[in-house]
Every structure is written in structure tokens, then in C-alpha cells.
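K.L.:
Here's the letter readout for the chains.
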Amino acid sequence: MTSLSSALATPFVVAKAPTRAAGLPGRGGAAVHARGLFKSYAGRQVLHGADLHIAPGEFIAIVGRSGCGKSTLLRLLAGLESVDAGLITLDGEAHSQHQSDIRIMFQDARLLPWKRVLDNVALGLPGRDAKERAREALAQVGLADRANEWPAVLSGGQRQRLALARALVHTPRLLLLDEPLGALDALTRIEMHRLIERLWLRHGFTALLVTHDVSEAVALADRVVLIEEHRIALDECVALVRPRARGPASAAYEERILERVLQQPEGYAQATALLPEPRPAHGLRWAV
Amino acid sequence: MVNRAFQRSLPWLFPIAVLALWQLSSQAGWLSTRVLPEPWAVLKAFWALTVSGEIWQHVATSTWRAALGFAIGGGLGLLLGLLTGTFRPAEMLLDSSLQMIRNIPALALIPLVILWFGIDESAKLFLVALGVFFPIYLNTFHGIRSVDKGLIEMARSYRLSGWQLYTQVILPGAVASILVGVRFSLGLTWVLLIVAETISAQAGIGYMTMNAREFLQTDVVLVGILLYALLGKLADLLAKGLERWWLRWHPGYQEVAAA
Numbered sequence: 001m002t003s004l005s006s007a008l009a010t011p012f013v014v015a016k017a018p019t020r021a022a023g024l025p026g027r028g029g030a031a032v033h034a035r036g037l038f039k040s041y042a043g044r045q046v047l048h049g050a051d052l053h054i055a056p057g058e059f060i061a062i063v064g065r066s067g068c069g070k071s072t073l074l075r076l077l078a079g080l081e082s083v084d085a086g087l088i089t090l091d092g093e094a095h096s097q098h099q100s101d102i103r104i105m106f107q108d109a110r111l112l113p114w115k116r117v118l119d120n121v122a123l124g125l126p127g128r129d130a131k132e133r134a135r136e137a138l139a140q141v142g143l144a145d146r147a148n149e150w151p152a153v154l155s156g157g158q159r160q161r162l163a164l165a166r167a168l169v170h171t172p173r174l175l176l177l178d179e180p181l182g183a184l185d186a187l188t189r190i191e192m193h194r195l196i197e198r199l200w201l202r203h204g205f206t207a208l209l210v211t212h213d214v215s216e217a218v219a220l221a222d223r224v225v226l227i228e229e230h231r232i233a234l235d236e237c238v239a240l241v242r243p244r245a246r247g248p249a250s251a252a253y254e255e256r257i258l259e260r261v262l263q264q265p266e267g268y269a270q271a272t273a274l275l276p277e278p279r280p281a282h283g284l285r286w287a288v
Numbered sequence: 001m002v003n004r005a006f007q008r009s010l011p012w013l014f015p016i017a018v019l020a021l022w023q024l025s026s027q028a029g030w031l032s033t034r035v036l037p038e039p040w041a042v043l044k045a046f047w048a049l050t051v052s053g054e055i056w057q058h059v060a061t062s063t064w065r066a067a068l069g070f071a072i073g074g075g076l077g078l079l080l081g082l083l084t085g086t087f088r089p090a091e092m093l094l095d096s097s098l099q100m101i102r103n104i105p106a107l108a109l110i111p112l113v114i115l116w117f118g119i120d121e122s123a124k125l126f127l128v129a130l131g132v133f134f135p136i137y138l139n140t141f142h143g144i145r146s147v148d149k150g151l152i153e154m155a156r157s158y159r160l161s162g163w164q165l166y167t168q169v170i171l172p173g174a175v176a177s178i179l180v181g182v183r184f185s186l187g188l189t190w191v192l193l194i195v196a197e198t199i200s201a202q203a204g205i206g207y208m209t210m211n212a213r214e215f216l217q218t219d220v221v222l223v224g225i226l227l228y229a230l231l232g233k234l235a236d237l238l239a240k241g242l243e244r245w246w247l248r249w250h251p252g253y254q255e256v257a258a259a
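Chains as they are written, first to last, in the working numbering: chain A, 1 to 288; chain B, 1 to 259.
These aren't lab readings, by the way, just hints derived from the structure by calculation. Check the hints yourself; a few may be wrong.
[Stated by the list, open to error] Which chain B residues stay away from chain A? Per the calculated CB distances, all over 10 Å, these: (1) 13; (2) 18; (3) 19; (4) 33; (5) 34; (6) 42; (7) 50; (8) 78; (9) 93; (10) 110; (11) 112; (12) 154; (13) 179; (14) 187; (15) 191; (16) 195.
[Unchecked claim] Listed next, the in silico SDA-like pairs over lysine to any residue satisfying Cα-Cα at most 20 Å (straight line): (17) 115(A) <-> 233(B); (18) 131(A) <-> 88(B); (19) 149(B) <-> 79(A); (20) 115(A) <-> 251(B); (21) 115(A) <-> 12(B); (22) 131(A) <-> 160(B); (23) 115(A) <-> 179(B); (24) 115(A) <-> 91(B); (25) 149(B) <-> 124(A); (26) 131(A) <-> 145(A); (27) 115(A) <-> 161(B); (28) 115(A) <-> 249(B); (29) 149(B) <-> 91(B); (30) 115(A) <-> 162(B); (31) 233(B) <-> 12(B); (32) 149(B) <-> 113(A); (33) 115(A) <-> 244(B); (34) 233(B) <-> 245(B); (35) 149(B) <-> 81(A); (36) 115(A) <-> 165(B); (37) 149(B) <-> 179(A); (38) 115(A) <-> 155(B).
Glycine included, every Cβ here is placed at the ideal spot set by N, Cα and C.
Please model the complete structure; the sequences and the hints are all you need to start from.
P.N.:
Next up, the structure:
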């Protein structure tokens, strides 16, 4: 547990790129503090006293074995579910008051199949210029020419880009990414990494990425956090310059984190792997 | 090209052969006119009724009854389906009673309906409305309940709630299922109307058919039967058109539209 205590003791070191400061189109990032989070589903402990602190504009990746509670942590931060005990604040205030500052990108893009691409982006967007802003957001993810199509005809990567545009058009101060690239092929993933990084640098929001891919975490995040046994077990700063390229430096980070993940006793891992994901099952799904 | 033309004519081949055989056997005297009039006689009867204008009066009366009955029964089914699908307490309160009533065949109520409403318009409308109600109610309920929970969660996290959530996410998600109910109901409408119009009526296709039977005008009886088939098909086409428009986002329906 030395890694846990040392991580909490050290002040947040954020390696900010020089381009970040000038002319942010967004509203900047929010500071997120989560203290002593407890959550259980049907008597099964998922989070047991988890603490997480994120500086404004920081990019955090949360890794861990499947069923470790990383998605639950994201759902709690998103306000999709309530904590059993603990406190989550955004800029020092209860995060329930900041719901409009938080946006989520889901693993399955969750597009409305009956709305055209542009209307999907404009979902829940107030004001007369909603369509205009939606068009702008679409252009940022390179989908401007698909505005009038149905989501059903888009590829997996395009669907996630659309979901990203839909989240960004609200200029969130905290963007939560729930394994959004899990279902994409390797090339599309690399493209998406670059896109997400570029938009994050441009908008300056705080980002939290949940993933089970350690190399994805190292490619994107300022800090990689490992959840194990229901709490934060490792907090590793990734001091690599942006834009990041794969190389010996990133490989060394990946190896160190992976080694730590695999330290867990075999039997425990199997037991957790057998348990279902804590997310509620979805109902009937659209065949799109 | 020839192959394509052949494929297109294939569905017509069988009915045309049947018609030809029918016409032939009538002319040869194998089929009595009292059993089945020849197709040519049916066509002539249809023409005579059209020219005299009598047929339009009956078609208009029947269509009006079908439309009104469908609107009342279908509208109530949609409303109650939305209510029980959306609110659990409404489901607890109403659903089991409705399921019980659903299992009574609408036509079994004819004696009671005649006692309640007499033999005028309202009895016919009641029968049609009752029969049409349940398919739409059930499919609306099912459609609302099976909307993707992930989409609702997403919409809520995008600050959609109440009416907005309902009209932009829940209702469009249920439309496919509701339309299945509509198509099923449209078929039922005509079945129920035929029976209802034979109870006692002063106009309508059913009246025309029953009247013709009294005078052994089998050709007019056949015209009536064909009219029901034609109107039923027309109603189905209308429902299909609605599907194509409302479900144009759905890949399953886009293929149909392209074909």
C-alpha cells in the first residue's frame, strides 16, 4: 500500500502542453475530488473507500481488471448512480449541482437511430443556434459531410466520433470516457487517440478515461490510476511529451503498469472475472 | 430482361389461371350461377353498381364506420398503452383487468351489444373499436417497455427529461412496435365490420351483400366480398406507407423502400 499513500501525499503534477493556455474555446477543466467512495450492488462490494483527485484540465486514465469497479467509479462521477457513502465535488461544490458540466461518452455510442447525425449532436442543446453549434462540433470530428445521414450507415469509428461531437458541443468541463474505443479496430483506435488528444488540448476540459488497455492509457493520460480490491492501488504520472508517439519510453511505462496489474494473485483475478459487470443489463437493443 | 419480366409476372400467373378456369367451367355449365357466378358476371355487376352510384354510398358508409371505429378503439388503445407502459402504478391498476377483457372474443358480445346499443351505428362502432383496441394496446405497452434503457440513460445524462425525453427518445423507440399493432388492427377492423354490418344495417357493404343474398344475386355478393378484400389491402398499404415514413431511419425498412 506504499504506492497508494505516496500517490495521495504527492501534489498533482500535471504536464501541460504549451499550446493549452492560449485562447481556449471551452470553459476550462473542473477540479474533481472524490473521497471515501463506497458502493455495493446487491450486497457485493464494488468500491470500498476509493479516493480520487483530479486537477483542472488533467487527463486521467483508470485501468484495472474487468469487474474491478472502474466503470462504477465513472458512473458515480457521472451522477448516473449515487454513492452509498463518500463525497464527490466539482470545483469544491457537490457534483449534483454541476450536471451540465459533465458529459459521458459511452462504450456503445448510444446514438438515437431515429435522429439524423446532426440532430444527434444537437440533442438537448438549448438555444436558436443549436444546429449551428452542432455543425461546428461535427466539423471538429471530421463528420461535417455526414450531417444528414442516419447513424445506422456509419462505421464503428464514425459512430464514436459522432458521440464525441455530441459530448463536446456542450463544452463540458469534465468529460468521462467509458471504454469508448473498446469495440474499434487497432488503426481506428490510434486515429481516435489522436482526435481525442487534439480536442482535449484545444478545449481544456478535465478528462477521465476508463479502459482495460494499458497502452491506450499511457498514450493518452497524464496519470494512470489502477483500481484493485475496490480501491485505488496505483497512481502513476506519465511524463511523456505530447503529441505522444509509441517508443521505448511509453513501452517502459506500459510494462511497469502491466506488471503491477498482474501482481494480483491468480485466484482473486479469476473470482472477480467470473462476477458479472456491475452495470445493469440493457433491455432490448435496436438492430442497427 | 426476359428473365426479369418473367419473374415479375410470376405472382400473377396463378390467379389468372384460376380465373380462366373459373370462367371456362361456368360457360361450360359445370358451375351453377347459384353456387358461383362467372367472373365476367361479377365484373358486369360491379360496373352496373358503379354506374348507378349505389356502390359508392355503401363503400363510403363502411369506410366511415371502419375509420371511426379504428380511431376510437386505436386511440384508446394507444393512450392506455402509453399510460400503462410509462407508469408502473397504472400498469398495476389496469393491466390485469384489460388482459381479462382481452380474452373475450369481441364477437361473443354481440347479444349484449345489441341489448345495450340497439341495432344502430353505435353498436357497430363499439364492436370495431373493441376489437381494434387490444392489438394496439398490447403493442404500445410492449414498445414503450422495450425501449433501450441505455438510450434513456444517455438522454437523461444529456439533461433531457419529461416531455422532451418522451417525444425524442421513448416514443420514437416504441413506434416500430406500435405500427405492428396498427397493421394487425387494420386487418381486424374489416373482419369485425363484416359481422357488425350483417346484424342490421341500412347501408354499407355488409348490408349490400346480405340484401343481394335475399334476392339470390350471387354476383353482387361476390362484388361485396371483393370490395372487402380491396379495402383491406388499401388499409394495409396505408399502414406500410406509415412504416416507411416513420421508420425510414431503420435499416430493415430502408431495404424494403429501395426494393
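K.L.:
Would you mind marking each hint as holding or not holding in the structure?
P.N.:
Status of the hints after comparison with the structure:
1. 13: holds (35 Å)
2. 18: Correct as stated: the minimum Cβ-Cβ distance to chain A is 39 Å, above 10 Å.
3. 19: holds (41 Å)
4. 33: At roughly 53 Å from the nearest Cβ of chain A, residue 33(B) sits farther out than 10 Å, so the non-interface label holds.
5. 34: Given that every Cβ of chain A is farther than 10 Å from that of residue 34(B), nearest at about 54 Å, it holds.
6. 42: Holds, because the least Cβ-Cβ distance between residue 42(B) and chain A comes to about 45 Å, which exceeds 10 Å.
7. 50: holds (43 Å)
8. 78: At roughly 18 Å from the nearest Cβ of chain A, residue 78(B) sits farther out than 10 Å, so the non-interface label holds.
9. 93: holds (23 Å)
10. 110: Its Cβ never comes within 10 Å of chain A, the nearest being 38 Å, so this holds.
11. 112: holds (39 Å)
12. 154: About 4 Å separates residue 154(B) from the closest Cβ of chain A, which leaves it inside 10 Å; violated.
13. 179: Label holds. Min Cβ-Cβ 13 Å, cutoff 10 Å.
14. 187: Holds, since 25 Å exceeds 10 Å.
15. 191: holds (30 Å)
16. 195: Given that every Cβ of chain A is farther than 10 Å from that of residue 195(B), nearest at about 36 Å, it holds.
17. 115(A) <-> 233(B): The hint is violated at about 31 Å.
18. 131(A) <-> 88(B): With a Cα-Cα distance of about 36 Å, the restraint between residue 131(A) and residue 88(B) is violated, given a limit of 20 Å.
19. 149(B) <-> 79(A): With a Cα-Cα distance of about 16 Å, the restraint between residue 149(B) and residue 79(A) holds, given a limit of 20 Å.
20. 115(A) <-> 251(B): holds (13 Å)
21. 115(A) <-> 12(B): violated (40 Å)
22. 131(A) <-> 160(B): holds (17 Å)
23. 115(A) <-> 179(B): holds (18 Å)
24. 115(A) <-> 91(B): violated (30 Å)
25. 149(B) <-> 124(A): Holds, at roughly 18 Å.
26. 131(A) <-> 145(A): OK: residue 131(A) and residue 145(A) at ~14 Å, within 20 Å.
27. 115(A) <-> 161(B): Between residue 115(A) and residue 161(B) the Cα gap is close to 17 Å, so the pair holds against 20 Å.
28. 115(A) <-> 249(B): Between residue 115(A) and residue 249(B) the Cα gap is close to 8 Å, so the pair holds against 20 Å.
29. 149(B) <-> 91(B): Holds - the C-alpha atoms of residue 91(B) and residue 149(B) are around 19 Å apart, at most 20 Å.
30. 115(A) <-> 162(B): Given that 20 Å is the threshold and the Cα spacing comes to 19 Å, the pair holds.
31. 233(B) <-> 12(B): Status holds; Cα separation ~16 Å.
32. 149(B) <-> 113(A): Holds - the C-alpha atoms of residue 113(A) and residue 149(B) are around 14 Å apart, at most 20 Å.
33. 115(A) <-> 244(B): holds (15 Å)
34. 233(B) <-> 245(B): holds (19 Å)
35. 149(B) <-> 81(A): With Cα atoms ~14 Å apart, residue 149(B) and residue 81(A) stay inside 20 Å; holds.
36. 115(A) <-> 165(B): The hint holds at about 13 Å.
37. 149(B) <-> 179(A): holds (18 Å)
38. 115(A) <-> 155(B): holds (13 Å)
Violation of the numbered hints given earlier is confined to hints 12, 17, 18, 21 and 24; the remaining hints are satisfied by the structure.
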